[in-house]
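Generate coordinates for the entire structure from the input sequences, incorporating the hints supplied.
Note that the protein sequences, when read in sequence, are chains G and A. Under numbering that gives the first Met the number 0, the first residue of the first sequence is numbered 0, with each subsequent residue one higher. Under numbering that gives the first Met the number 0, the first residue of the second sequence is numbered 0, with each subsequent residue one higher.
Careful, some of the hints might be misleading.
Label pairs and their in silico Cβ distance ranges [what the hints assert, rightly or not]:
id, chain 1, residue 1, chain 2, residue 2, range
1, G, G16, A, V75, 38 to 46 Å
2, G, T155, A, L48, 45 to 53 Å
3, A, S69, G, A68, 53 to 61 Å
Where chain A lies over chain G, by a calculated footprint (3+ residues, C-beta under 8 Å) [said to hold, decoys possible]:
id, region
4, 71-82
5, 139-153
Hints listed in this document are in silico derivations from the structure and should not be mistaken for laboratory results. Yeah, the Cβ is synthetic: ideal placement off N, Cα and C, and Gly gets one too.
The primary structure of each chain is shown beneath.
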Amino acid sequence: MSPAGLDEALVAAAKDGSTDAFSRLVERHQQAVRAFLRRTCGDWALADDLAQETFLAAWSKIGRLQAGASVRAWLCGIGYNKHLTARRGAARSRARDAVYQAERPPPAAAFAEDRLALEAAMAELPPEQRACVALCLAADFSHAEAAEALGLPLGTVKSHVSRGRARLLQALGGGDA
Amino acid sequence: MREAEDKLAALFALDEPPPRDAAFSAEVMEAVIRREFQKDVALLSAASLVGAAALWALWPVLQPAIVAVSQGLAPVVAGLALAACAVWLLGSRPPEPVEVES
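Right under this line is the structure:
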């Protein structure tokens, strides 16, 4: 069975109330959702919390997922909205677990400087542009899939990706792209 | 240029969580099941409250009817109870020992 076909079968079973099917959807998509949120918000602990909230919201809303829609894009869309809500609620009083941050692999010495430069450049991007970059450059989302996930027009996504890419390459010493 | 693109790809790869993360999946499913349980408890509580309120509101009408019906049915219920007791007592008697001829 193709990955999309398997997703459809799992979604159909989850719509009928199967927590086992939903658990398999979580296993299949946790990497994409967490990676997207880590790149979008820059804080791994917060990103993983948001990913958990994303899946919880997805369980409640799975009945509304249209047949044939990309599950990955749908989940990232929910995650993006969670991220925007978290950004707005600046006074988010959560105890951050330092162990979570320690989980982050220490960058190799040669990478450390570049990593900091990339993080700084990503932090400077506007939220929409950052999300487009996280989906299309860092993950293998097509522009159309990213547009569907973020609820943005296709042209806007293309322009965000192009501008974001240029800024990141510039930050890494790659010129104006 | 190519070097910066490769570097970008390598740096992005550092953010990737593992393809399978049993701890994360278990946490999510625990939260899902907890939410389902809370939903069920809330639903049952609401149903119980509605039932109790309906019973309270209808009690003045129900009480005389129950009393009238129970008086009429009392001999039948008593007979049935006796029969049930008899069946239960006879059914739970220990089996008679089997005599073995020598």
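For the region 139-153 of chain G, does the count of residues with a C-beta closer than 8 Å to a C-beta of chain A reach 3? violated (count 0)
Given the hint of 38 to 46 Å, is the C-beta distance from G16 of chain G to V75 of chain A inside that range or not? 44 Å, holds
Honestly, do S69 of chain A and A68 of chain G meet the 53 to 61 Å range at C-beta? 60 Å, holds
For T155 of chain G and L48 of chain A, compare the CB-CB distance with the range 45 to 53 Å and indicate the outcome. 50 Å, holds
Counting residues of the region 71-82 of chain G with a beta carbon closer than 8 Å to any beta carbon of chain A, are there 3 or more? Answer violated; 0 residues pass the 8 Å Cβ test.
In summary, the structure is inconsistent with hints 4, 5 from the numbered list given earlier, while agreeing with the others.
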